[in-house]
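Protein chains in written order, with the numbering used here: chain A, 1 to 673; chain B, 1 to 673; chain C, 1 to 673.
Just so you know, the hints here were simulated from the structure itself, not pulled from any lab data. Just so it is clear, the structure is predicted and the values come from calculations on it, not from any experiment. Honestly, I wouldn't trust all of these hints.
You can't tell identical chains apart in this list, so a pair holds if it fits in one copy or across any two.
Only pairs whose alpha carbons sit at most 25 angstroms apart, straight line, appear in this in silico SDA-like list of lysine to any residue [unchecked claim]:
| id | residue 1 | residue 2 |
| --- | --- | --- |
| 1 | 571 | 544 |
| 2 | 571 | 458 |
| 3 | 269 | 330 |
| 4 | 571 | 542 |
| 5 | 571 | 390 |
| 6 | 269 | 542 |
| 7 | 571 | 389 |
| 8 | 269 | 431 |
| 9 | 571 | 380 |
| 10 | 269 | 293 |
| 11 | 269 | 331 |
| 12 | 269 | 592 |
| 13 | 269 | 570 |
| 14 | 571 | 339 |
| 15 | 571 | 430 |
| 16 | 269 | 425 |
| 17 | 571 | 331 |
| 18 | 571 | 666 |
| 19 | 571 | 176 |
One-letter residues, chain by chain:
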Amino acid sequence: MTFVAPRPADLADPLWPVGVAGVVYGGDYNPEQWPDEVWEQDAELMRQAGVNLVSVAIHSWVLLEPRPGEFDFGWLDRLLDLLHGAGVSVNLATPTVVPPAWLYRAHPEIRPVTRDGVVLERGSRATFCPSAPAYRRAAARIARAVGERYAAHPALAMWHVHNEYGAPVGACYCPESATAFRAWLRERHGSLEALNTAWGTTFWGQRYGDWDEVEPPRATATAGNPAQELDFLRFCSDELLACYRAERDVLREHSSAPVTTNFMTTNCKSVDYWRWGREVDVVANDHYLTAEADRNHIDLAMSADLTRAVAGGRPWMLMEHSTGAVNWQPRNIAKRPGELARNSLAHVARGADAVMFFQWRASRFGAEKFHSAMLPHSGTRSRVWRDVVRLGADLGSLAELRGSLVRADVAVVWDWESWWALELAWRPSVDLDYRERVAAFYEQLWDAHLTCDFVAPGQDLAGYRLVVAPSLYLTAPGTAAVFGRYVRDGGTLVVSYFSGIVDDNDAVHPGGHPGALREVLGLEVEEFLPLRAGERVSLSGGATGDVWAENLRPHGAETVLEYADGPAAGKPAVTRHRLGGGSAWYLSTRLRGDDLAGVLRGAYRDAGVEPADLPRDVEVVRRHGPDAEYLFVLNHTDVDARIEASGTELLTGGRCDGLLTVPAGTVAVLRTG
Amino acid sequence: MTFVAPRPADLADPLWPVGVAGVVYGGDYNPEQWPDEVWEQDAELMRQAGVNLVSVAIHSWVLLEPRPGEFDFGWLDRLLDLLHGAGVSVNLATPTVVPPAWLYRAHPEIRPVTRDGVVLERGSRATFCPSAPAYRRAAARIARAVGERYAAHPALAMWHVHNEYGAPVGACYCPESATAFRAWLRERHGSLEALNTAWGTTFWGQRYGDWDEVEPPRATATAGNPAQELDFLRFCSDELLACYRAERDVLREHSSAPVTTNFMTTNCKSVDYWRWGREVDVVANDHYLTAEADRNHIDLAMSADLTRAVAGGRPWMLMEHSTGAVNWQPRNIAKRPGELARNSLAHVARGADAVMFFQWRASRFGAEKFHSAMLPHSGTRSRVWRDVVRLGADLGSLAELRGSLVRADVAVVWDWESWWALELAWRPSVDLDYRERVAAFYEQLWDAHLTCDFVAPGQDLAGYRLVVAPSLYLTAPGTAAVFGRYVRDGGTLVVSYFSGIVDDNDAVHPGGHPGALREVLGLEVEEFLPLRAGERVSLSGGATGDVWAENLRPHGAETVLEYADGPAAGKPAVTRHRLGGGSAWYLSTRLRGDDLAGVLRGAYRDAGVEPADLPRDVEVVRRHGPDAEYLFVLNHTDVDARIEASGTELLTGGRCDGLLTVPAGTVAVLRTG
Amino acid sequence: MTFVAPRPADLADPLWPVGVAGVVYGGDYNPEQWPDEVWEQDAELMRQAGVNLVSVAIHSWVLLEPRPGEFDFGWLDRLLDLLHGAGVSVNLATPTVVPPAWLYRAHPEIRPVTRDGVVLERGSRATFCPSAPAYRRAAARIARAVGERYAAHPALAMWHVHNEYGAPVGACYCPESATAFRAWLRERHGSLEALNTAWGTTFWGQRYGDWDEVEPPRATATAGNPAQELDFLRFCSDELLACYRAERDVLREHSSAPVTTNFMTTNCKSVDYWRWGREVDVVANDHYLTAEADRNHIDLAMSADLTRAVAGGRPWMLMEHSTGAVNWQPRNIAKRPGELARNSLAHVARGADAVMFFQWRASRFGAEKFHSAMLPHSGTRSRVWRDVVRLGADLGSLAELRGSLVRADVAVVWDWESWWALELAWRPSVDLDYRERVAAFYEQLWDAHLTCDFVAPGQDLAGYRLVVAPSLYLTAPGTAAVFGRYVRDGGTLVVSYFSGIVDDNDAVHPGGHPGALREVLGLEVEEFLPLRAGERVSLSGGATGDVWAENLRPHGAETVLEYADGPAAGKPAVTRHRLGGGSAWYLSTRLRGDDLAGVLRGAYRDAGVEPADLPRDVEVVRRHGPDAEYLFVLNHTDVDARIEASGTELLTGGRCDGLLTVPAGTVAVLRTG
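All chains, please: the whole structure from these sequences, using the hints.
The structure is reproduced here in structure tokens:
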């Protein structure tokens, strides 16, 4: 068989900010915090930095609608005129993330309620119940007013609905949410009888006799019904999506400019972005480093790859990241010189055609005044400002790669529903951690210099040489069928422990674990053997596992590594099942680092995938355009890197023949096509 | 003087499951989770496993009473007929632990409220206010309906009221509880004046002028009134007991079968089982290992011994334990091969005549689907199933020992009230830990192969050679008097620090610590000297203490060990007071392991108690029948053990003369009488 | 220029307990907990101990007013007569810290509410909303009744209003508090427009259109408005102060005896004592050691010095400390022999003219029964009692120093507002810790045997040779101006990182950090560089910093030490700016111990301040009277200390010429004037 990676030609272009040429550059801009004279200064400095798009009015509801139904657009008219005059386009927000104080007074029921019954009050941001009709009505009104007024403004490039749906509050347990939850459940399950079956209410005598008995999973004496919890998580994501869709549809009545909202793909557990990607005209993402973490550029790459997947492979926008430290982590480590450019261009390398920041100018007051900005408190007399100007120029040099695509032979399955379900109460071990496992496998692929896609469960896998499914606890029969076809057709599949266990309702697949994957993996897990805190097991060949082991019985799978000690001593630990033209690997314990790399090398061989022979922490990614190919080399190390490559280096305009030197901490972009 | 251990003849038999011969074997059975065809399969598999009793309908309220006052018994009729036909008897529950959803809608006041005012909603289990009249009325109605219908069913062997009273919610602070608390207090204290005195309300100006001012100890600014807290804990235990008694009395109107409810003796702080033991016809206990703990078979033995004590020395039922991992601990470690049998037979060795599990068949859905079962997810193709069948056969071989008793020369005082009071707020050190101290002394006795009883405070101690009272913080004058008589009559008493400090109302006994025990111990504690976190003190002879020290002044006691350093350097640390014919030992610091063993050896000599010379972790216990004695040898090690003994080994039927070999990890039971 | 330390003559005497000669000695006395026969005993024992003042009726509201408006003073009349007869004066409380149960029933709205909405119930103490009109009315009524009845009683020496305002509850978020908060804000800001500006409500769209929209900063989705939080903290302190003032003014209608309330200067974050000091006739303070902490006598000294500052340099009263262990810390370590006397006399050395304890006699019941007392549970047969009697005699020998004052050349800036603001949400690092930094600098001064004053921000600094401003995050322009004048006039200023950042509204000073101090320090901080948990940076000269670093650019300052590694490698770490006649030092990283001492030695040289050459942990302080000087030498070590000094040792009456020997663990007081 032959593998065919997805080709650019298969992918329609996303809608793109109207009137913005080249790579988009800019950030959130909150001029309402500053006197008018600063606006003029800002426009001039934006020009110096090469900014071509700013996001405005995100938190301006009360300024635009100071009293119910009374609008004041004067300041925003002035601002858009000024920006247009300065050649800066506008990504205009519907300011619905912070309702005005008057709306809370008139409708206290829009306040969200926690699982324990704590009513959250206004005073910060994003404090609203997405199911409250009063909130939805008021949000639609302001969105309509903004849409009507600015649809035709020449500065308008696109619409930014709301802000970061799903954070910091992802769920509301109030009575209005209960009503909406019941309606959502009727839609999903059809009848109360079906709900009783889906939720397994014969367990612990929880059977419902009337729809009005159904409530959100509020605080209760001990572990609640997991199917109820899981449906509630789906409902929460869907309620936010309904909010988004309502505002988007209002805007579309007036405007053909693209509509989006900013995601936080790898870091927002409460929203299932697979269901959101198709609802935006262009995918936009916010990404912030976990500042204290080691090698956090790998997490950045994972975020970028997942964002590209949510965008269906099409170019996307980096809507927010930071020039330096944020202010909401425990210790807000500043970025080192060079890091800002490497971070920015790493996103571009993985499909971003926009590089934007929170925020243009650092606030003097409020909760985010210690968040970095393009223009820091120390102003233009600062390294950060100089780096921002330099980055603007660099992005200008990369204009031609806009619209080019990233290809991958390897895919990793990402699944919000498995994440949710796996981390509900009363699992076999508190050390089971969905995101940790995905990140561990991703890290190995990154270290092997293998570019990878993310795929949704059940998505067609044809064209990938290798597919990795980490901790896919919830595996619907359809997803399992796709894996089976994929392997039989010659694919290589790698599955980690605690995958394939339950169906859509968190019910264990019948017949022995892993019910959905027994056949494709050629084995049965007779008993889970969670390990003690800190306990380690040795494997044949010297590897070490922790967290988890299993008593597994192969039915066709061959043993690759076995347990040398621990509760499964002498039993298979890692197996490989040849099935049809392909093979399915299974890892029954938690491997990390070199031990995990060692096992994966076997899978790479099966898949015909070749890790690149490149220095550690030198990141190499390609974008493919219709006429050219672009090679990004990001040197995250503190020594110069030498790479075999030829072409034109776009940032410097220099020509490279055969050997490219990328100085320590810097980035090169070669047109090689 | 001579010591006389309690003799079997003194003990009346408990009521026992009707029609179940030999040792009881079985588990919780929840057929409502499965289609009817599985029921037939289950009956056949129960036969194969030797199951003779199953607990049913524990969570079936809403199925039996789908609408208020409308009953549907069809499915339960069918089930009981089927089981009876298969030779399996039924332990039939009153399903009152999970009220139907309709009861919550009609009576939201049955929801319990936490100390902080959080209302707990239905959605899990055991989420009800035991003082709510609406709950009590509805519980009595369903108990009556079940009692009437099944009293005469031939499958009925006994009644299982409710489930695990006291967990996971042990207290409710709602207004209905407040009303009931006031009534309880009137009963206890008689007058408001007496309440004011008992609670010491002159402290912090808390005097009550009206009964309606009295409330449960809800969240307040800082530490509350400890006497109020203590009475509230008593009230909570009594309210649950009142719930139990009401249901039991309803059943007794219709049936003479034994009535019980399942305890969790060593692990449920919220219920004072000394007050419950006399209210059940047979004591039943649930025990689950702390899976990650080292040598957790000692904790199991402690639980079994305390259960036997609660049963007044009579045989009891192990109502729930697990075949493997549970699902509610942080890391649910599976049992190793052999452990299931050792655990089961250790309970039998210490007086259990029933071995039952939660649960017969693993659930596919709900919160407990990862809890092990007799029939696991992998079905009969599993080691666990094979071990379950084997255990059934083994218990069959032990039928003759039913009714035999355990004798002990040593007793440990266990006291829920001291546990409660010692761990209230604002004690001298947060490192004071009631259960830790009891377990530490118990471990020493277990390691010395000394079988021990537990006794309630104030219980007659005649017949015991040695009595240990760990951390008996709350010591009523009557309890102190019993200790005095016991020692004067020749007994040996061992008391640990922070005993004898307060009376029933948590008031310090006057005249210097330990007020209730100064005389029997022959000393006064001038000042408590709690130690810093991690601080250790050396004692003469090389022992090391931590957590606690004291400035104590002997008045008659001799110094056994003194402090070599630390805040009490040069003062007595361990003392011994000869009083009448006996002696009273006092340990003023926390000793563990060999250091504690060393001190206890002195007490053993005083008591004429001889530790057995047996290998570590080989557990030896005897049961005494009217005609024979049964020697249990449980080998918890991984090497074979050889014990001098003669008789018939009941599990194999083999004969042993002089030397019994018990292979690593296995159990032998010898008829030696 | 010349330095002039504040002179005694500048300081008016505080009002002092009427009729109490010499140093005040005594404690809290709660006779209502004991039968009358104990009262007689107590009076006799007080005489033996030299007690001359006791605080009574602190928790007696319900006893004095058993029903609304009905008073029962009989027992208190008897008590005061008895005490007067025994020569013991009375510090009589308004018993408003614990409202009677009947007030809660009649006015449930007096219960405080937490940020999360939890209603705190009565049951402990100090559980009231200071803004509730019902509470204030009832408090005024009982204060008036007590004032009227006892103003003329001969035992009355002073008034003790309430108890420990601000603990354990410092804030209430109820609707009554919201109403009061709005009134307070109108007073502070004048107009809603001014409030919007001060709070920066253009950030996150939080603008107010109506006063009724303003609420306390209750639980919200994420970080709230920091200016709102800061104003709420000010409001909470002011509401408590209003409670105090109302009661004081009621008392003053009837009595000219001094009125006070007990502070907890260094340990109560919720109250800004700078605003309280001027409102009491004599400053009274409660101090409790952090029992487990190493060298906690330094914290004691800091508390005493801050209390003296709050008292404007005048003598003050130690209203509560403990004879031994308290009962509310995790591990309540008892005091070692000698510690009680050293603690007591250390307070006297630093300006206290009263030494009082919580409590006279240990309670038998209630939440504080394990708190130590002058008369412990073991009564007079105890070391503690003997030490109490000895201390009474010692204080008698020191009568002549009453009214003498302490002088210092060094001052440390203490600021509750910086403490509040620095520790609000979303600062650059969670490791920023206001109190830790103050204590770290204080410890260095203590170790250098330099007596120091505390000063409020903005207070005139003339007369001090050296001023230290640790973590003065909130620096108003006026405060900065004082620093500028001080340095230009020849002073030496030491400032630590994260000082001078924001104004009164937590808004960043414009123009680059540290906005308020750029000029005086001669530098700009371009970027904060918080360090990772546990990360350390090396400085030139071998010092090591952690927690924090900065990218700073000198504008006039010279580099004293530079970073040798870490994110600021090669940049200045410690700088010194010569300005006018003085110098301003800046420490941009967290230094401790010897590293901090090393830097400070440079500042001492600039300031002309000379650390004394004395053994470590030998504390030497002087009090200055009009005719004599008193040298306190407190030997906290376990070896004898020899000090060059001459004079009369007041405790022994002995004469010392040239060399004073202070035995290990003891104190000497020399009249040297």
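Right, here's what the structure says about each hint:
{"no.": "1", "hint": "571 <-> 544", "result": "within (15 angstroms within a copy, 44 angstroms between copies)"}
{"no.": "2", "hint": "571 <-> 458", "result": "neither (31 angstroms within a copy, 55 angstroms between copies)"}
{"no.": "3", "hint": "269 <-> 330", "result": "both (20 angstroms within a copy, 22 angstroms between copies)"}
{"no.": "4", "hint": "571 <-> 542", "result": "within (15 angstroms within a copy, 47 angstroms between copies)"}
{"no.": "5", "hint": "571 <-> 390", "result": "between (58 angstroms within a copy, 23 angstroms between copies)"}
{"no.": "6", "hint": "269 <-> 542", "result": "neither (36 angstroms within a copy, 46 angstroms between copies)"}
{"no.": "7", "hint": "571 <-> 389", "result": "between (60 angstroms within a copy, 24 angstroms between copies)"}
{"no.": "8", "hint": "269 <-> 431", "result": "within (18 angstroms within a copy, 28 angstroms between copies)"}
{"no.": "9", "hint": "571 <-> 380", "result": "between (64 angstroms within a copy, 20 angstroms between copies)"}
{"no.": "10", "hint": "269 <-> 293", "result": "within (19 angstroms within a copy, 33 angstroms between copies)"}
{"no.": "11", "hint": "269 <-> 331", "result": "both (22 angstroms within a copy, 23 angstroms between copies)"}
{"no.": "12", "hint": "269 <-> 592", "result": "within (23 angstroms within a copy, 41 angstroms between copies)"}
{"no.": "13", "hint": "269 <-> 570", "result": "neither (38 angstroms within a copy, 42 angstroms between copies)"}
{"no.": "14", "hint": "571 <-> 339", "result": "between (46 angstroms within a copy, 19 angstroms between copies)"}
{"no.": "15", "hint": "571 <-> 430", "result": "within (24 angstroms within a copy, 45 angstroms between copies)"}
{"no.": "16", "hint": "269 <-> 425", "result": "both (16 angstroms within a copy, 23 angstroms between copies)"}
{"no.": "17", "hint": "571 <-> 331", "result": "between (44 angstroms within a copy, 21 angstroms between copies)"}
{"no.": "18", "hint": "571 <-> 666", "result": "between (48 angstroms within a copy, 23 angstroms between copies)"}
{"no.": "19", "hint": "571 <-> 176", "result": "neither (53 angstroms within a copy, 57 angstroms between copies)"}
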